[in-house]
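Engineer: Residue-level listing of the chains:
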Amino acid sequence: MTTPPPNLNAALAKAGRYLTFGLGVEIYGLPVMNVREIIRLCPITPVPRMPDFIKGVINLRGTVIPVLDLRAKFQMPEAVYSERACIIVVQVRNPTGGSTLIGSIVDTVEEVVQFNESQLEPAPDFGGSPETQFILGLATLSGSVKTLLDPEKVFLAEGLLTLTPAQAPEPQTTHS
Amino acid sequence: MACDLMTDNDHGSPISGGPLDASQLLCRIGEELAFVTPGKDNGLLPINHFLLDLEELPVAEIPEAWTVGLRVARGWIDVILDGPGLFSENSIRRLNDWHGFMSSILDSRASGRGLPAWPSDWGEPAARVEDLPAVDPASAPSGTVSDGNEPSFCLNLDEDLELLNEFHSESLELLQTIEQGVLVLESNPTDTETVNSIFRAFHTFKGGAGFLHLDPPRNLAHELETVLDLVRRSELHIDSGIINLILAGGDALEQFTRAIGAQLQGIAPGSPIVVPTSEIIRRAKAAARGETEAPSCSPPERSLTDAPASQIPPPEQAITAPVHQPAAPEATPPPAAPAAPVREPVGGDPAGGFVKLDTAKLDSLVDLVGELVVAQSMVVENSEVQAIASSQFVRQLRQLRRITSDLQNTAMSMRMVPVRGAFQKMTRLVRDLAASGGKQIQLLLEGEETELDRNMVEKLGDPLVHMMRNSVDHGIESQDERMARGKPAQGTIRLSAAHQRGGIVIRLSDDGKGLDPARIRAKAIERGLIRVDTEMDASEIVSLIFLPGFSTAEAVTDLSGRGVGMDVVRSNIEGLSGKIEVQSVPGEGTTFTLLLPLTLAIIDGMLVGVGDDRYIIPTLSIRESFRPQPGMVSTIQGRGEVVSVRGRQTPLLRLGRYLGRPARATNLEDAIIVVVESGDAARGLVVDELLGKQEVVIKSLGQTFRHQNLLAGSAVLGDGSVGLILDVDTLVKTPAHQNAIAAATAAAPNP
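Protein sequences appear in the order of chains A and B.
Take the first sequence: its position 16, counting from 1, is numbered 16 in our numbering, and each next residue is one higher.
Take the second sequence: its position 608, counting from 1, is numbered 608 in our numbering, and each next residue is one higher.
One thing to keep in mind: the hints can contain errors.
Claimed, not checked - Short derived list, chain B residues pointing at chain A, Cβ under 10 Å:
#1 33
#2 574
#3 576
Claimed, not checked - Listed next, the in silico BS3-like pairs over lysine-lysine satisfying Cα-Cα at most 30 Å (straight line):
#4 A:14 - B:40
#5 B:693 - A:55
#6 B:459 - B:487
#7 B:361 - B:459
#8 B:579 - B:523
#9 B:459 - B:356
As the list claims (entries may be wrong) - Output of the computed footprint for chain B on chain A, the stretches with three or more beta carbons under 8 Å from beta carbons of chain B:
#10 43-53
#11 63-69
#12 132-138
#13 143-149
For the record, the hints were derived by calculation from the structure and aren't laboratory data.
We put the CB at the ideal spot given by N, CA and C, even for glycine.
With the hints as extra help, turn the sequences into a complete structure.
Structural biologist: Printed below as a string of structure tokens:
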């Protein structure tokens with residue numbers, strides 16, 4: 001996927017297969033290309049001093065991967081996860097090469113849908129809503145609108161994953 | 001895409017083990033297929049994904065059936081994805097058949113048996129593919145473009161990627177063989193074994209470069225091989241000219257290798273590579289000609305006198321003498337089958353006790369074994385399993401545990417390599433440094449066979465170089481100075497390695513002038529690192545050289561004394577979870593002692609509990625842990641809490657509060673204090689409980705957490721959950737501590 005120019009969401013969504021999932025009352029989609037697998041909600045080890053949308057880390061068959069809470073990321077109200085909640089494991093390319101697996105908690109997983117060009121449209125400007133920058137476009141399917149997300153923007157946004165109130169300047173210690 | 005899955009070597013990406021090969025991917029699909037059920041979509045996405053990876057996997061010489069097979073499966077999966085999104089009994093059966101079919105293609109490739117028959121109910125494998133990525137060596141060669149007098153060449157990264165990778169890593173080893181050999185020849189010019197090994201190295205290099213049509217390095221290697229061959233036949237005698245020639249040739253080949261390595265890593269891929277070789281080739285030819293008068297017999301090889309001396313390097317070799325006919329059978333390089341995963345070791349160990357293998361595979365094996373150990377203990381600790389009252393079963397479980405632990409030890413030991421490589425690089429360094437500094441220095445190596453995780457050996461290089469430069473530049477005195485002090489004119493540096501207490505100890509000692517405590521103290525005061533009235537003993541003073549911003553170099557040489565000093569070395573060593581100490585006797589010399597764990601992959605950890613969280617503290621950093629008695633802890637205005645241990649005041653850090661996580665113990669007497677140290681600073685961490693010591697396999701936290709320095713990594717605990725490994729250095733140097741220091745010097749506000 002090419003790197004889109006900033007703030008230009010138009011015509012980025014490509015026709016293809018998307019995995020749709022529910023978050024609150026809305027339905028979102030992620031390109032199937034980026035979806036590695038879907039796993040059941042499992043105990044998550046919290047990582048201290050991280051932004052609240054970082055739920056923690058899990059052990060995915062021997063690989064430790066971070067888990068995000070998309071509700072928190074999109075600044076939606078917190079909710080209790082139901083039985084149907086799961087973790088979508090997404091694979092995104094790093095700008096520096098290689099790729100990263102990141103888990104993402106969603107309320108429900110719906111289905112894999114093929115969207116063609118005619119069903120897609122660019123995202124309208126939601127007036128600076130936090131999620132606008134993450135959106136590839138909108139897709140309409142039998143009357144309902146689904147928001148297609150840009151995995152690289154959602155999961156790799158630079159600067160969002162730094163330590164909260166970082167306070168570790170160069171110490172000039174000798175000994176106590 | 002498959003290549004993008006490759007991990008960075010520095011544990012950067014959380015995907016373990018690098019890219020999967022075809023059989024692994026197929027195996028994963030098989031695993032997923034085992035769990036699919038008709039009417040459900042379980043496993044659909046993983047299968048799709050692995051199939052995508054398979055499709056994008058570059059495989060040399062793939063049978064057509066494989067390509068068509070992939071296309072067939074793609075069709076089925078797309079139908080499922082586009083349609084109901086669910087498996088049917090039919091689709092599962094077909095996919096299982098397909099899996100078997102594809103597996104037997106791979107088997108037939110490996111075993112040389114015929115291809116399996118195309119299943120009739122899959123329809124015609126009609127679509128013939130023309131764009132099979134078959135490797136055509138004839139199209140691979142890269143154009144030999146002339147750039148001035150020096151020939152250049154380009155790499156064919158698309159087609160030869162795998163071969164180039166292999167050539168690159170093999171070349172690195174060959175270059176090392178050459179360099180080490182030269183150093184042996186310097187002291188023992190008649191060592192035929194060494195001459196042979198250098199000859200073989202050039203020969204193998206030539207073979208590899210020739211196979212890939214990399215003409216300039218091939219020609220250079222050829223000329224050097226010719227010279228070595230003459231030496232081997234005692235028709236040429238080793239002198240300093242020849243040694244310098246071999247070194248220069250080795251350096252040029254190294255430049256080629258580096259350039260190739262850079263392009264393989266994606267730096268300016270495809271750009272032409274030029275390394276000046278004509279001068280070296282001219283010298284090699286001159287050497288081959290000039291010295292051949294000595295022996296009485298006059299073999300035909302000497303016809304190469306015909307070659308004009310001033311000629312520009314020939315595009316193809318101008319010398320046709322059959323000089324590189326190896327005398328010993330084991331001297332024959334392995335020119336064939338460069339794509340085979342397992343090759344004969346370079347240097348021709350006759351017993352053939354070694355195989356070369358991809359380090360990513362090795363790392364992935366170690367990872368998997370780590371998982372196996374965890375899975376094994378989960379089974380053993382399962383309460384239902386424990387309820388089984390059968391002595392036979394208990395015995396079997398014990399057997400399983402023993403085998404798993406043996407397997408883990410074996411897997412770990414596979415990553416162990418001798419420190420020899422890192423040590424022998426120092427020989428060259430000392431030789432060069434001594435020569436440029438006009439000093440006479442001998443380097444004695446001890447315990448080169450001591451084994452260490454290969455990742456550690458790699459990372460040890462830089463600090464060793466730095467320390468070595470310090471010793472040569474600032475430790476060993478000039479000859480006159482040494483004579484005046486009644487020391488032998490030749491200085492001695494000793495580098496040793498030994499196993500000790502489950503770790504490795506590396507010592508670097510010189511018999512130079514030693515560190516001058518008075519000067520160090522003065523310098524530290526001048527730099528504001530200590531106060532004028534700070535009381536320190538001699539050993540504390542010499543440890544000041546590890547502080548940032550400290551450098552005693554009076555004369556700045558081009559090699560050291562640039563202001564970055566031992567603090568960098570210390571942080572490197574601490575980055576390896578190690579420690580560094582220095583002892584020095586003025587006038588007699590200095591000894592640096594490095595204490596390192598054997599591996600970076602596994603650490604001994606103390607599992608501590610804070611509230612509901614569990615954290616791992618590397619045992620190597622723990623000085624002691626205890627339950628504080630009333631009166632041990634005092635709160636000092638402006639300095640926070642301090643615990644007094646055997647007369648030393650150690651500042652406390654309440655881990656729960658610091659991490660922003662709830663802790664159980666509010667009263668310090670209910671808590672445990674774990675004293676950790678990093679460098680010369682220490683901290684008492686307040687935790688709720690100690691949960692036990694355990695060896696853990698370190699897992700990278702990956703890209704997402706690369707900006708934080710609170711955690712050094714993570715590990716999968718016995719119950720399968722993730723435990724976080726604390727970065728002790730950060731905890732020890734955290735601001736509260738700085739405030740405490742500040743408060744000691746000035747009246748700082750309360751944190």
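Engineer: Would you check the hint for residue 693 of chain B and residue 55 of chain A, treating anything up to 30 Å between C-alpha atoms as holding?
Structural biologist: Holds, because 27 Å separates the two Cα atoms, which is no more than 30 Å.
Engineer: Would you settle whether the hint for residue 574 of chain B is holds or violated, based on the nearest Cβ-Cβ distance to chain A being less than 10 Å?
Structural biologist: Result: violated, 13 Å to nearest chain A Cβ.
Engineer: Taking a Cβ-Cβ distance under 8 Å as contact, does the region 132-138 of chain A have three or more residues in contact with chain B?
Structural biologist: Coverage by chain B is violated for the region 132-138 of chain A (0 residues, Cβ < 8 Å).
Engineer: Checking one constraint from the list: CA of residue 579 of chain B to CA of residue 523 of chain B, max 30 Å. Satisfied?
Structural biologist: Holds. Residue 579 of chain B to residue 523 of chain B sits at ~24 Å (cutoff 30 Å).
Engineer: Within the region 63-69 of chain A, is the number of residues with a Cβ closer than 8 Å to a Cβ of chain B three or more?
Structural biologist: With 4 residues close enough to chain B, the hint holds.
Engineer: Next pair to validate is residue 361 of chain B with residue 459 of chain B; report whether the Cα-Cα distance is within 30 Å.
Structural biologist: 20 Å, holds
Engineer: Would you mind confirming whether the straight-line C-alpha gap from residue 459 of chain B to residue 487 of chain B stays at or under 30 Å?
Structural biologist: 35 Å, violated
Engineer: Hint check: residue 14 of chain A vs residue 40 of chain B, CA-CA at most 30 Å. Holds or violated?
Structural biologist: With Cα atoms ~27 Å apart, residue 14 of chain A and residue 40 of chain B stay inside 30 Å; holds.
Engineer: Against chain B, does the region 143-149 of chain A show at least 3 residues with beta-carbon separation below 8 Å?
Structural biologist: violated (count 0)
Engineer: Is it true that the CA of residue 459 of chain B sits at most 30 Å from the CA of residue 356 of chain B?
Structural biologist: Holds, at about 21 Å.
Engineer: Taking the closest Cβ pair, is residue 576 of chain B under 10 Å from chain A?
Structural biologist: 21 Å, violated
Engineer: Holds or violated: residue 33 of chain B as interface residue toward chain A, Cβ cutoff 10 Å?
Structural biologist: 14 Å, violated
Violated hints, in rising order: 1, 2, 3, 6, 12 and 13; the structure is consistent with all others.
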